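Just so we're aligned, residue 0 is where the sequence shown starts under numbering that gives the first Met the number 0, counting upward by one.
Derived by calculation from the structure, the hints in this document are not laboratory data. Here the structure is a predicted model, which is why all the values come from computation and not from measurement. Think of the CB as a built atom: it goes at the ideal place given N, C-alpha and C, for glycine as much as any other residue. Mixed in with the good hints there might be a few duds.
[As the list claims (entries may be wrong)] Here are the computed distance ranges between Cβ atoms for each label pair: (1) 110 - 178: 32 to 40 Å; (2) 17 - 86: 21 to 29 Å; (3) 86 - 253: 34 to 42 Å.
[Unchecked claim] Below, computed lysine to aspartate or glutamate pairings styled on EDC-like, alpha-carbon distance capped at 20 Å: (4) 37 - 47; (5) 87 - 66; (6) 87 - 40.
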Amino acid sequence: MINSRNLIYTNILDLTQTNDFDLIMITGDLLWGKLASKPAETLGALYDVLNRYPVPVAITYGNHDAEGDLNRAGLRQLEAGLVHPADKHHATIVADRESYTLEVQRDGELAHVLYVWDSGAYSHWPADEPYAAIEPEQIEWFTRLPYARTQAQTDLGFLHIPLPEYTQAGQAILTGEQGEAVCSPVTNSGLFYTLLRSQNVKALFAGHDHDNNFTANYRGIGLNYGNPTGYNSYGTLPRGARVISLLPDGYETAILNF
């Protein structure tokens, strides 16, 4: 029998040792919380692998991470186990969800901003839909940040649960596969509209749907999925990671399978 835990750690180690990355971004569902009897130990083993590679690690959480003994605050505290945590800027917490930015330098100058939203888990209001929507305060946080927002910028955003607009994006897939319906909130709280107006965020990257790893362009913004990495979950897509290359005037992305 294959030990899926050992396999994923081996694959991650191989991936980091054979590639030259500048950042590792994890977009949620590190744990299947309700099945993880020792979540701190499980995350500690993952972090031990990531700590072997001297590159910053950034994390946002998904709907499964806090289903067990740890809430989101507890999960964030365990990030102290990372030897190379990414340098968060302008971090704020709304309803126990942390949003923050990462700043990318080029030739000693700020060149790109990565916006990270914790998209939450399950909806408590309205009660008639499954997944949480981005909170208005998280959108307001974005609008108040002291960064340039122009068409000339190439900034990116990361979250776990895809926005409702991913459903429309799935009708014009550029690369990858859609093996299941987009599992987004029913309520549209307006983040995509805010990004359209800001013009600087050229793409979003979501996790959540384990049988989707497509890229698409919807109204000028790339709406993309990552790629499932772990094995203790549903899905038939080959396991791997999405690689993103930030260029001075754009970005490129592709799937790197194990």
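**Request:** Check each numbered hint from earlier against the structure, then list the numbers of those it violates in ascending order.
**Result:** Violated: hints 3, 5 and 6.
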